[in-house]
Amino acid sequence: MAMLHNRRKHVAIAASLVAPFVATFCLVFLWPAIRMVELSFTAGPLIGEGTWVGLANYKRLLTDNLFYTSLKNNGYFVVLTVVPTTALALAIALAINRLSGRLQAAMLALFFLPYILPVSVVTMIWTWMLDFQFGVLQPVLAFFTGKPVPVFKNPYWVMPMIAVVTIWWTNGFNVLLFIAGLRNIPQELYEAAALDGATKRQQFFRVTWPLLWPVTALVLTLQLILQLKIFDQVYLMSGGGPFNSSYVLLLMVYREAFQLNHGGYASAVALILFVIIMVVSVLQFQVLKIGGRR
Amino acid sequence: MKFLRTVLMASAVGLAATPALAQEKVIWWDFLAGGDGVRMKALIDRFNEEHPDIQITGTTLEWGVPYYTKVRTAAAVGQGPDIMTYHLSRMPLGLSEGVLSEITEEDLQNAGLSRDDFFPRAIEAASGEDGKLYAVPFDIHSIILYYNKSYLEGSEFLDENGNLTGIDSLEDFERALALAKENGSSAPVSYSTGDDGGVYRVFFTLLKQQGGDLIRDGEVLPGDSLGKAATAIEIMTRWTENGWQPEQAEYEASVALFTSGKAAFHLNGVWEVPTMVDLEKEGKLGFEWGAVQVPKLMEQQATWADSHAFAIPQQTGKEMSPEKRKAVMTVIGWMEKNAIDWADAGHIPAYKPVAESDAFASKEPNATYSSLAETAAYDPRSLIAGVASPVYDAAINIISPAIHGYMEPMQAAEQIKSDLESKQR
Numbered sequence: 001m002a003m004l005h006n007r008r009k010h011v012a013i014a015a016s017l018v019a020p021f022v023a024t025f026c027l028v029f030l031w032p033a034i035r036m037v038e039l040s041f042t043a044g045p046l047i048g049e050g051t052w053v054g055l056a057n058y059k060r061l062l063t064d065n066l067f068y069t070s071l072k073n074n075g076y077f078v079v080l081t082v083v084p085t086t087a088l089a090l091a092i093a094l095a096i097n098r099l100s101g102r103l104q105a106a107m108l109a110l111f112f113l114p115y116i117l118p119v120s121v122v123t124m125i126w127t128w129m130l131d132f133q134f135g136v137l138q139p140v141l142a143f144f145t146g147k148p149v150p151v152f153k154n155p156y157w158v159m160p161m162i163a164v165v166t167i168w169w170t171n172g173f174n175v176l177l178f179i180a181g182l183r184n185i186p187q188e189l190y191e192a193a194a195l196d197g198a199t200k201r202q203q204f205f206r207v208t209w210p211l212l213w214p215v216t217a218l219v220l221t222l223q224l225i226l227q228l229k230i231f232d233q234v235y236l237m238s239g240g241g242p243f244n245s246s247y248v249l250l251l252m253v254y255r256e257a258f259q260l261n262h263g264g265y266a267s268a269v270a271l272i273l274f275v276i277i278m279v280v281s282v283l284q285f286q287v288l289k290i291g292g293r294r
Numbered sequence: 001m002k003f004l005r006t007v008l009m010a011s012a013v014g015l016a017a018t019p020a021l022a023q024e025k026v027i028w029w030d031f032l033a034g035g036d037g038v039r040m041k042a043l044i045d046r047f048n049e050e051h052p053d054i055q056i057t058g059t060t061l062e063w064g065v066p067y068y069t070k071v072r073t074a075a076a077v078g079q080g081p082d083i084m085t086y087h088l089s090r091m092p093l094g095l096s097e098g099v100l101s102e103i104t105e106e107d108l109q110n111a112g113l114s115r116d117d118f119f120p121r122a123i124e125a126a127s128g129e130d131g132k133l134y135a136v137p138f139d140i141h142s143i144i145l146y147y148n149k150s151y152l153e154g155s156e157f158l159d160e161n162g163n164l165t166g167i168d169s170l171e172d173f174e175r176a177l178a179l180a181k182e183n184g185s186s187a188p189v190s191y192s193t194g195d196d197g198g199v200y201r202v203f204f205t206l207l208k209q210q211g212g213d214l215i216r217d218g219e220v221l222p223g224d225s226l227g228k229a230a231t232a233i234e235i236m237t238r239w240t241e242n243g244w245q246p247e248q249a250e251y252e253a254s255v256a257l258f259t260s261g262k263a264a265f266h267l268n269g270v271w272e273v274p275t276m277v278d279l280e281k282e283g284k285l286g287f288e289w290g291a292v293q294v295p296k297l298m299e300q301q302a303t304w305a306d307s308h309a310f311a312i313p314q315q316t317g318k319e320m321s322p323e324k325r326k327a328v329m330t331v332i333g334w335m336e337k338n339a340i341d342w343a344d345a346g347h348i349p350a351y352k353p354v355a356e357s358d359a360f361a362s363k364e365p366n367a368t369y370s371s372l373a374e375t376a377a378y379d380p381r382s383l384i385a386g387v388a389s390p391v392y393d394a395a396i397n398i399i400s401p402a403i404h405g406y407m408e409p410m411q412a413a414e415q416i417k418s419d420l421e422s423k424q425r
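In the order they appear, the protein sequences are chains A and B. Under the working numbering, the first residue of the first sequence carries the number 1, and numbering increases by one thereafter. Under the working numbering, the first residue of the second sequence carries the number 1, and numbering increases by one thereafter.
Chain B with its partners taken away, still in its complex shape:
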């Protein structure tokens, strides 16, 4: 009896403690499980603290096909989230599935944002064929070239301040790799050669730097792009043959090769910047490092890039109330304006007031490589491209084994073309 009374009392107190004003609960889904996920959770916590009337409940799901399948199936039965992170490279498929709700001018106003606040390329990627906006870009992320200064000391590749210099062509870069090898680096350039993402991003960068197209007007590797793809594969194959890149390296191994000081260079996404920063702070890195935009190795400057964005799912049989929609847009607006914290995860904010702020300009190494945003090469707008798409499958299925010598570069390029074209029908 005493117990029952305690329980009753407790529930009464509990009820009284609930704030009287209606609190909007916002269900949030993301795929950010790495170092950037920690920073995103901190942002969500801060938002919840600052907004007693809006409560975000976040769930992190598995990146890639599992995430996007779940989004689609959940939206179809009205069980999706109120807000979700979305890759802009995935927009064409998302639009064809009809899972994205239009972001109207009114929505943007509620968030305190406008289209002009963002980099035009990001807005373009977030819009449908009809010119309407279906997502709000949050960042631009790309691959960058990390380097370990100890292998380059005293050479032409470091300037008086100890920064990387003098890499203006493929020949320069390969000379630097050969030098690093001589200086004892067991993997002069490390990237995840046995993984879809790592291989794809390097391949696409090399293709774009030659001015090639992966998909144009529905044709895969049109015209001379086929030959350019073969050239890109040939270069990557040569790096294997000369022992410059690790064989069949999985993602974690490719990062470890750099952080343990075995690799002179590392081609990877900006999202590993926090890893290096943290290790250096703890004094565990053991060498001086730097990061720059991937140098112009071929004819023109270009780097693979993608964006994280926020989107609102279009749910069947579940209309979002105007109040909730406003709350969701408040969340998006707040996140954009606090994107400087997201830059700690290496990303370049897509929101210009932050990207062009003094706070960002003084944030290193972001400021050094942020110029890449101007020549960023997004994935082609296609139903078969983007994160976890057949294009990524082709990277692990064809390009990765080809650069390990199991197929001639030209033959591999032809197989990419025929495989992807058959998926496109």
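One chain only, chain A, in its complex shape:
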């Protein structure tokens, strides 16, 4: 009886501890999310009730060219960022890991610094550096291409440049994760490998890479989710143009909802993006886990 009483007390304490979180979560996330799903089945405006239209928004989505363009651009952006930023972060982490003491801390801080900047500052810096008329990087571009390039107004340059800016901005966090992963690998393994005559290359592929794999998988997954949600950089640097070549799904949500007052349609696009992110990231994590088990 005392046991039972005790357990009840345990449950009560546990419940009271998680209650604030659960309540906040339900209020500011779950409830709005449910409302959004509801809204996506109506022809509602941004604020207020709308008439129920069933699947009409989704049907319209399937015939909307801009939706496919945005989807393709989201995919292109993921290709441009996820693997490159992971590889770059790993390379930087390996290099920093060879340093020690103050120098290591200083280098780490240097790479982490952009990450603490807000996105508006980041885009200000880069639009200034890449400005067509007076950007300090234009002579560099002119050296390679023969003339200055209005990078955010050129349909071929715009996405890769946004990817470069994004990688520069967010890479520091990935470096940090990799450093933590590298420090978790016991030094003895390298000593033993060295005794057995393993080269540096073999040490990396036989020791570092497999033991670091969980971190790599995590970084890849986090990056995938983050980059699918691209919006700020596009909104601030290119506005989706030129010729929709940097139009992405979240920009479509924003324009439909806040410019055209189509709350229902915007919710449908948002929900589709949510499902895509969920499916893709779960799939990717599973695949990576299998890959790691080999």
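One or more of the hints may lead you astray.
To be verified - Not close to chain B: a few residues of chain A, all C-beta gaps over 10 angstroms, as computed: (1) N6; (2) A87; (3) L99; (4) G172.
Claimed, not checked - Footprint (simulated), chain A over chain B, 3 or more residues, beta carbon under 8 angstroms: (5) 69-76; (6) 377-389; (7) 393-400; (8) 409-419.
By construction, these hints were calculated from the structure, which means they are not laboratory data. Heads up, the beta-carbon is just placed ideally off N, CA and C, and yes, glycines get one too.
Dock chain B against chain A, hints included.
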């Protein structure tokens, strides 16, 4: 203790100083952040001085989508202003959102105004499909052609008084551009080629001068308007190819090209008139300038135009008291009657007693270009047109890159059509 007593005394004096009569507080929102914003603030201050019983508290918000989003969301929860500035080009969307309160005959009487006091086109643009009035027009603003006389001296393009003359067709204009280039102008015609507004206004003017329609009966670029849009883009592309217009110029840069004397011509809104006037007064301009209505370059005379207007938001769960409504209409009536000060910001008053007054007739350069009001071409009445609309997005997304050579004019016109039509559903 001494401190407490001082505080008490101070508050007592403060209370006593408050006038006994009930003062109506009017919350005012606008989007006027430039040179015209300064002039609007001066008007508000003067109103407050002259009206002890009404107090306007003004807030300036960011122009474009942020402004109109805030108006809509604030009105929906009853937290909007009592009076706001509104673009007439934005009326269709505003009406569909239901954020505009009807301006009744009684309201107009309270303001001391009547419908006949305004230019018919402005009243038409301020009315709903039902013929009811939902805003009070304040001005008509348009793009005009600014020119720098130094590049044209001694040529056929200046008359004996030093005023621009002889530009009656596109060929004439392009000859003038070529001449300016020869005379050393690095950007013979400057406008913001890398900006949505600048590109859109020039494009729409060229389209309208050919008699084309951007949207008619819900169809984007119907019939031969498609070809006319392509022609307009082709002309703008040629100006790039010949080095006559700046590449990818942002708004500020396009103005600076003219004020620094590098551009012979400048296509921009009337709202930059105060900039030129002020610079000339301070002796910083360094050349003689003039401004005229955009000449007839194509088949007919037309210029892109829009209007600022005053509107009262329709707020959910918050009925405006008759006293406050009367105060708001008093504000609107006073502003209209003092619109001559607003003309200093380059605008043409929409209120005819001011627009047709001697004071306005002698105001230069407004009087020179005010004839444009008769052939003003407003944005099409559509949910996707107007300030900060998909039409403006198309200008930066499609037209601007196309005139820089990234797409063929016809292809660009077709993309405008398909993009805008998909937004319209």
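Results of checking the hints against the structure:
A cut-off of 10 angstroms between C-beta atoms confirms that N6(A) is not in contact with chain B; the least separation is 49 angstroms. For A87(A), the non-interface assignment is confirmed: its Cβ lies about 32 angstroms from the closest Cβ of chain B, beyond the 10 angstroms cut-off. Separation of L99(A) from chain B is adequate, the least Cβ-Cβ distance of about 43 angstroms exceeding the 10 angstroms criterion. Every C-beta of chain B lies more than 10 angstroms from that of G172(A), the closest at about 31 angstroms, which supports listing it as non-interface.
Judged by the Cβ-Cβ criterion of 8 angstroms, the segment 69-76 of chain B is covered by chain A as claimed, because 4 of its residues qualify and three suffice. With 4 residues carrying a beta carbon less than 8 angstroms from a beta carbon of chain A, the segment 377-389 of chain B meets the three-residue requirement, and the given coverage holds. Given a C-beta distance limit of less than 8 angstroms, the hint that chain A covers the segment 393-400 of chain B holds, as 5 residues qualify and 3 suffice. Counting residues of the segment 409-419 of chain B whose C-beta lies closer than 8 angstroms to any C-beta of chain A gives 3; at least three are required, and the coverage claim holds.
Checked against the numbered hints given earlier, this structure breaks none of them.
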